[in-house]
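Here are the chains, one letter per residue:
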Amino acid sequence: MRPLKIIVLAKQVPDTRHVGSDAMKPDGTVNRGKLATVFNPDDFHALELALNIKDRIPGTEVTVLTMGPKRAADIIREGYYRGADHGVMISDRRFGGADTLATSYTIVKGIEKLAPYDLILGGRQAIDGDTAQVGPQCAEKLNIPQVTYVEEIVDIQDDLIIARRRLEKGVETVSSPFPCLMTVHGSSPDCRSRHAKKVMKYKYARTNTELSSRKTDEVIVSLHEKRPYLTIPEWSVEDIEADLSKIGLPGSPTKVKSVESIVLTASEAKILSDSDTDIESMIKELIEHHTIG
Amino acid sequence: MKSVFVYCEVENKIVAEISLELLSAGKRLAQKLGCPLEAMIFGKDLKTIKNQIAPYGVDKLFVADDERLEPFRTLPHAALATDILKKQDPQIVLFGATSVGRDLAPRIASALNCGLTADCTILDIGDHFVKKEKKEYTDLLYAIRPAFGGSIMANIINWDQHPQMATVREGVMKKEIIDDNYSTEVVEVAVDDILNEEDFVVKIIDRHIEESGVNLKESSIIVAGGYGVGSKENFQHLIDLADLLGGEVGGSRAAVDAGFIDHDRQIGQTGTTVRPKLYIAAGISGAIQHRAGMQESSLIISINNDPEAPINKIADYVIEGDLAEVVPKMIKFYKKNAK
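Heads up: the sequence lines are chains A and B, in that order. For the first sequence, position 44 (counting from the first letter as 1) is numbered 802 according to this note's numbering, and the numbering increases by one without interruption. For the second sequence, position 67 (counting from the first letter as 1) is numbered 84 according to this note's numbering, and the numbering increases by one without interruption.
Heads up, some of the hints might be wrong.
[What the hints assert, rightly or not] Now the stretches of chain A that chain B is said to cover, found in silico as 3 or more residues with beta-carbon under 8 Å:
#1 823–833
#2 839–848
#3 901–909
#4 992–1002
#5 1006–1018
[Said to hold, decoys possible] With the Cβ distance kept under 7 Å, some of the chain A side facing chain B (calculated, not the full set):
#6 GLU898
#7 PRO935
#8 ILE1029
#9 THR1049
These are calculated hints, taken from the structure and not from any lab test. Ideal Cβ placement from N, Cα and C applies to all residues, glycine included.
Please model the complete structure; the sequences and the hints are all you need to start from.
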């Protein structure tokens, strides 16, 4: 088997499992600053699948690609700690407010800059939107096949890859030629832990934006001069030659018109006790109204 | 042409339940817009498939009948749908939020360069004023979906790129037969003119579909238990009541996680969405994720020790008490009073 070039798409997401009341802005977009962030769970599964292939085929290279605000550099560092070879960040204020169409356009411009590649892996969906759209949209734009909901790579040959997919009511095994894009289901193996040596090696990995921040120690800056691999590439609109009309809010056809918090409507429930009289009269009412019987 | 379009899923000559729900949802939108309802279906042996679809009020049905189109594969279905949608240019296109629809719809949306809203639970037609352009857009699709774990409902619109597309969750739209003899025009799709070898590079090697025996969605009576049921033994009371009433047993996620009941009986946002005539919730506190899957039941009875349980707010009857006592009493009085 020949070594593969794999790109893992990973997203930093707000931890929607712990949402406060200030999580939404008045315009209906997410107030990301108010939420703790995590590595999107399904993307961890995608990373594991990539690292597993790297274990099986020596020489395989894994690159983590993320798009997000400055602090999304955490995703790249986390990828390094667990075994990724490279990391690239797409970050520019002008990408903000993107829906899935604009996001997939942006990511594809990044992927094209990383080309050639054999396999693109991403999580099935991200917990901040649960849309599962960006993977298939990227595959269409790259004009390559997509294999969604993958839970296991069954076999890899020189020119094709065989994977098992988890569907609602069963499983399906398919083969696809390279290059292709796969989205990975949460039923696949969990991601391995951080590797202590890799944490040591990459803990000072920073983007240039982070390096120029006043908070960054000068020792780290000088370390980057000696060890260029520590500098995480950070790509702007210009770097990926993106069309401004296709990114961010202008490139997003879907817009949030309004959001509504869910308020329970008070109904006029009949409150009953567990006495024989109460329960028998309820049962009689239900029978009378033909709800039961 | 102004129309509402539905992508129908089919397997072994049976149109998927979700697709029939979508046809009804699509028909209601088309009636509001005063435009036709159109549908497309791709599979094999579809000679008589129109009979299953016409009663839902479909004006035009595009059928692609070819051995290679079943089971579903993304590339050929995406190429066919994209070709048809480009030519027909509908306003609205609906897909099921199923493993097929969630795979296919985004690929088509990317090809058509249009917006797509995932996992909608409410669809409507309405207007929107765009301040920047000082312009009122009318007859837009309101694609409404729960977001952030169900704590908010977001209304997503798209006024500048057509078509407006949405995937819709299974079990939330009501099926409605319009006319058993509705006249539907069938258009046979020239598959070979649209597809080429490259659309078939992904091959299905093996496939196992387990037909689940549980049919919560079709049941008009559901007896569901939550964590408050306490034990598998107590769950037996609920099973007895469901059997007696001719209903099905369901459970909240907490009950499934606790091992009281099987996963395929889970009701709620991550399980099945149901809308039975009668929903009996025993020992279910009623987290929003659970309510999202059952709040449209016609009649809700809550049996709970805790008078403050959120589910009581949407219940029609609240019985405050221990379900291990209440449920056997319900069984006893039903047997006594039913004819």
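Original post:
Okay, which hints does this one fail, numbers in order?
Top reply: When the structure is compared with the hints, numbers 1, 2 and 4 turn out to be violated.
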